[in-house]
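These protein sequence lines are chains B and F, in that order. All letters in the first sequence, in the order written, are residues 1 to 369 by the working numbering. All letters in the second sequence, in the order written, are residues 1 to 169 by the working numbering.
When the alpha-carbon atoms are kept at most 30 Å apart in a straight line, the in silico DSS-like pairs for lysine-lysine are as follows:
hint	chain 1	residue 1	chain 2	residue 2
1	B	K35	B	K49
2	F	K81	B	K49
3	F	K80	B	K35
4	B	K96	F	K80
5	B	K194	F	K7
6	F	K30	F	K80
7	B	K275	F	K7
8	F	K7	B	K96
9	F	K126	B	K35
10	B	K49	F	K88
11	B	K49	F	K80
12	F	K88	B	K35
13	B	K243	F	K7
14	F	K88	B	K96
15	F	K30	B	K96
16	F	K30	B	K194
17	F	K8	B	K275
18	B	K35	F	K81
19	F	K81	F	K30
20	F	K81	B	K96
21	F	K8	B	K194
22	F	K8	B	K243
Simulated from the structure, these hints should not be mistaken for lab results.
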Amino acid sequence: MLQSSQSGVAGAAVIGGVQPRVILSSRVRLARNLKDEHFPDWATAEERKALLERLVPQVMWASEDAQARFFDMSTIAEREREVLKERWLVSSDLLKRSDGAGVVVAHGEALAVMINEEDHVRIQSIHQGLSLMQCWEEADALDTSLDPILPYAFSGRLGYLTACPSNVGTGMRASVMVHLPGLRLTGDIDPVIKALERLNLNVRGTSGEGSMAAGLRFQVSNQGTLGMSEQAVIETLEHVARKIEQQEIAARLRVLRDAPTVFEDCLCRSLAMLKSARLMRADEALDYLSAIRMGMEMGMVRGVGLSRLEELAMVVLPGHMQNFFDAELDPDERDERRANLLGESFAACEIESKLIHESALRLRTARRQ
Amino acid sequence: MLCEKCKKNSAEVAVHEVVMGEERELYVCKACAGLSDEAKLAELVGLLFDMAVKAESGAVKRLGDLRCPACGITRSEFRKKERLGCWKCYEAFGVELEAMIRDMHRGGEHIGKLPQRERELQAREKLEGELRQAVATQHFEEAARLRDELNCLSGRTLNCKERVPNVAK
Ligand SMILES: [Zn+2]
Ligand SMILES: [Zn+2]
Numbered sequence: 001m002l003q004s005s006q007s008g009v010a011g012a013a014v015i016g017g018v019q020p021r022v023i024l025s026s027r028v029r030l031a032r033n034l035k036d037e038h039f040p041d042w043a044t045a046e047e048r049k050a051l052l053e054r055l056v057p058q059v060m061w062a063s064e065d066a067q068a069r070f071f072d073m074s075t076i077a078e079r080e081r082e083v084l085k086e087r088w089l090v091s092s093d094l095l096k097r098s099d100g101a102g103v104v105v106a107h108g109e110a111l112a113v114m115i116n117e118e119d120h121v122r123i124q125s126i127h128q129g130l131s132l133m134q135c136w137e138e139a140d141a142l143d144t145s146l147d148p149i150l151p152y153a154f155s156g157r158l159g160y161l162t163a164c165p166s167n168v169g170t171g172m173r174a175s176v177m178v179h180l181p182g183l184r185l186t187g188d189i190d191p192v193i194k195a196l197e198r199l200n201l202n203v204r205g206t207s208g209e210g211s212m213a214a215g216l217r218f219q220v221s222n223q224g225t226l227g228m229s230e231q232a233v234i235e236t237l238e239h240v241a242r243k244i245e246q247q248e249i250a251a252r253l254r255v256l257r258d259a260p261t262v263f264e265d266c267l268c269r270s271l272a273m274l275k276s277a278r279l280m281r282a283d284e285a286l287d288y289l290s291a292i293r294m295g296m297e298m299g300m301v302r303g304v305g306l307s308r309l310e311e312l313a314m315v316v317l318p319g320h321m322q323n324f325f326d327a328e329l330d331p332d333e334r335d336e337r338r339a340n341l342l343g344e345s346f347a348a349c350e351i352e353s354k355l356i357h358e359s360a361l362r363l364r365t366a367r368r369q
Numbered sequence: 001m002l003c004e005k006c007k008k009n010s011a012e013v014a015v016h017e018v019v020m021g022e023e024r025e026l027y028v029c030k031a032c033a034g035l036s037d038e039a040k041l042a043e044l045v046g047l048l049f050d051m052a053v054k055a056e057s058g059a060v061k062r063l064g065d066l067r068c069p070a071c072g073i074t075r076s077e078f079r080k081k082e083r084l085g086c087w088k089c090y091e092a093f094g095v096e097l098e099a100m101i102r103d104m105h106r107g108g109e110h111i112g113k114l115p116q117r118e119r120e121l122q123a124r125e126k127l128e129g130e131l132r133q134a135v136a137t138q139h140f141e142e143a144a145r146l147r148d149e150l151n152c153l154s155g156r157t158l159n160c161k162e163r164v165p166n167v168a169k
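When you get a sec, could you build the whole thing from the sequences and use the hints?
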């Protein structure tokens, strides 16, 4: 479908670009339930509250972090709920459950344990880049600490028993978040997604809600949880993630080499919007930031750094926006402030148009040799 | 313009939806305007359920609206909410779940991490099997060692720690 990974690496050397970070983050989630307790969806509010009270100190203890924090969904402020979700610490499902549900956050934000979401306990470990094994080890360690004090629902044949039969077995969902603006430009996102689905992997766009691919970030995760060990699932996913990364880099270089003006146009349009729009939605902003990020990773953007860009990709989200301005803002006010903030942030930013065309030429020459 | 959801097809209709916590008007393709993910999942679960019922119709008809004895939820309640009531539901609704699980997963049996209790149970069963075999074949020295290991597992021997390395051998 695309050129081999080798030419991708060679291409990156030709233009002297930095190594693009296609795999943004890795995550492992484990679902666990207790025997002799109704699953959260069928428990009464009193049962859920009693279980939450019992589990919180146990989870805090098992997290081995004196700074671990607990957020109770019934008392937390609306804005804070949004922020937790935007930081991937809670699911939208947990936010819908106000009575007897909450989350324990520990080790910075690397560890989050949701209590009384769909399952009694959902352990989550997140790290940057491709780090699934580390995520698994940390989630596994917490689970092992909880195991002797929690009577887990388990069957020899079906493994860990979960509220939805789609999670039985290991109860594990491993996922990587990948950023694919290059494959979008070459029009190869669809075939890549289809190929992943044939490998029994699940691909979703990422955003606060639903399946939108805001900012061209996609979450790739294992589909089944029964009949494959945690390590085997992680190894497969890691292997696939590396392949996706190679394809994405190859796609970016191919657009740059064969259609430098398309590449340039994508960056320039996005920057123009970031600089000049007066009203901007969060999902729109993420799309433009995605393009700028791609350009930056290829060494074609001047005046703004990657860490500032990553920060902005968080600050533009609705909950974070309100925290940033420390005010309750309605969507229209947010759109205006968001546009202003981005305008200021990118005022000094420029696209290296000349460099884009020179690099394209070098890539074409290197290919002929 | 392109569909704002899938960013693949061209947009044909406007829909109102909550995006990242904000209500928005989105221009989307017909496919994306159709069903939300949740609705699609509900449809799938319903479909799998119907298939299961059809496949096992004999058994299911006899069972009627089955109820889990532990938590009291009925099969139709499970079907409506798509969530089981408790861990015992896996036994109570075994027939339907069997078919659903077959469709949702690649394998039929758990491979992977075990809770500590389960691990100990399996280690014990394995040792007991080996002990029976050793006695039957008159390997008495081996049998004595296995018996000690079993005692060790149940904490009946004091000098267990010294014997633990034997387990690893
Ligand atoms: Zn669409
Ligand atoms: Zn039940």
